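Chemist: Please build the complete structure, drawing on both the sequences and the hints.
The lines below spell out each chain.
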Amino acid sequence: MWIRSTKRSRLSTILRIFHGSVLFGVLLGLPYTASAQSAFSIPSQPAARTSDHDSCRSNPSISAIESQIPRLVNLSQWRDLEKAGAELTRLCPDSDFGYHWLGVGYLRQGRSFAAIRALEEGLRLRDDTGAHLLLAEAYFKLGQNQFFWEEIETAKRMAREEPGVYYLAGLYLFQTEDAYEKAAAWFRLALQKNSGHVLARCYLALCLRAMQQDTQAASLLLEGVGPETQAGAESVMLLQVLVPLELDLGRTSDAFAHATFAARLAPGSAKVQLGLGKAAWRVQDQAIALHALETAAELDPRLPDPHYLLGRIYAAQGDGRGAAEELARFKELKERARGTDQ
Amino acid sequence: VAQTNRAALFAFLFICSVAAQTIVQPSGKTVPQARTREELDAFGMVLYAASPQSTLKAAEQYRARFPNSEFLEYGCVAEMQAAMDLSKVELADELASIILKLNPNNPEALITRAEILIARPPGSGRTTWMNVAADNARTALDRLHILSVPPFTNSDVWVETKRSMLARAHRVLGQLFMTKRQYGDAVSEFEAAVTLAPSGKAFLLLSQAYGKTNQTNDALTAATKALSLGPSAVSDMAAREIAALKSPRF
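So the protein lines, in turn, are chains A and B. Residue numbers are given in the working numbering: position 37 of the first sequence equals residue 37, and the series is strictly consecutive. Residue numbers are given in the working numbering: position 111 of the second sequence equals residue 111, and the series is strictly consecutive.
Rather than coming from a laboratory, the hints here were simulated on the basis of the structure. All figures in this text were calculated on a predicted structure; none of them were measured in a lab. If a hint is listed, it holds; no wrong ones were tucked in.
Computed list of lysine-lysine pairs in DSSO-like fashion (alpha-carbon distance at most 30 Å, straight line):
#1 B:Lys180 - B:Lys88
#2 A:Lys141 - B:Lys101
#3 A:Lys83 - B:Lys57
#4 B:Lys212 - B:Lys225
Modeler: Listed below in structure tokens is the structure:
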């Protein structure tokens, strides 16, 4: 057992920025950001086979279903993807690709057991690195240590240069074992394979922070962001980690500049607006802080933190009633997020 | 119901140590580990069986094949829930005993045991079974109150699951107070239950408790709510309750 430190709580908060759909969505190479696909180039579709099964795949009705798949994946329509995969397995029972998409559909709906069954069925028909990584993800979600590492090892053997393998291994160590040094080693390997792997860079920075190497973490993130003129949508994630780090390092004006930049890149992101609100509050720009925090609360009404900061700002402005309302809302949302609101 | 049960079960698989809110174990160390992929798959078959009947079948096979599985507690919970759905109360009670031997604090088993005791009280030892049921419900409440969202679990699903279990525990306590004719306490417990998870059954019980404390208007409101929420058996009883409340005696 270990005691959760304040530092760790902050890390967890930062981590939650990435946890969930974006995190695992990227495993499939989903276009959440411009570079996500290139950063995480796991094959998102099983390659065509040069066997009898090609004849099945060239069937027009099957081609029609297959042509729908990229759209379903891009729109995160997992139930429909599951249906498409099931239909493909019915039409082409000896081909792996139906099982592959069926597995992906199940996995994204949180049905890990069913996903494992479908993906393993697909692997019995054809070995595929992407399927092994998806299986690793499913075992990750079920917390199955041995099977997770077996899949990672297989994927590594099959595609040694695939950064996604190293990223997922690092993520597992980071999230389930808090083994920051070991996780950092895997994230570094992912970055060696592809220096543009944004998530590996973000998590490596978080590992460095956990190991009290904040300055190195900041340098790593700044290197990833690059010059403002060349920054793209993928920089937002790096900036989201960088801003609170710079605030902790006392580099408040840098944090404010980076938060402003992130808000320009992703004005519709509640977490980005929250970061801007925090940074603006620290440089005592109440007008920007208020606007950013109110925007954050509006964009994501379930986010507790904007209400806490709004409460503090209202209190500083002498608006006791407004402050009390915001703090009450913060408490309510915080407890709901922790599942302790009864 | 099956989905909620599954969600609860799945959530409980990932619950961290709850000695205190600020002390947790890394999740990887507390999640049960399957020894083979077949074992994990067999457990998955129990968890995601399509009907209570198929859950019972899958669970029976799973327990026979993997008696030492680290998932045994959760497999038994799924089987117990299926047994309750099929009104196989004796089997459910037997499974609750197995679960509580594996984990004396399993809230689902504690609440189910208490519900069974209330539904089918033993012929003798009234005080004893009532104390056991109350202890079970209170232990479940204590345990549930300190649980946070388990890792990898959707917080909304978790909150809903937790509220539903808390409501069941309060309902048990309310029913025990009713048996002991402590109607004011029963009202408090049923009010807590309907606040946490409004259900026809809880509103019907609340209506009866209000009736016993001469709060006729509140009793009518609660009965009307029970009538609309159902299910049909509850609606029928609520309709009779409303008729009785409107009768000259009130």
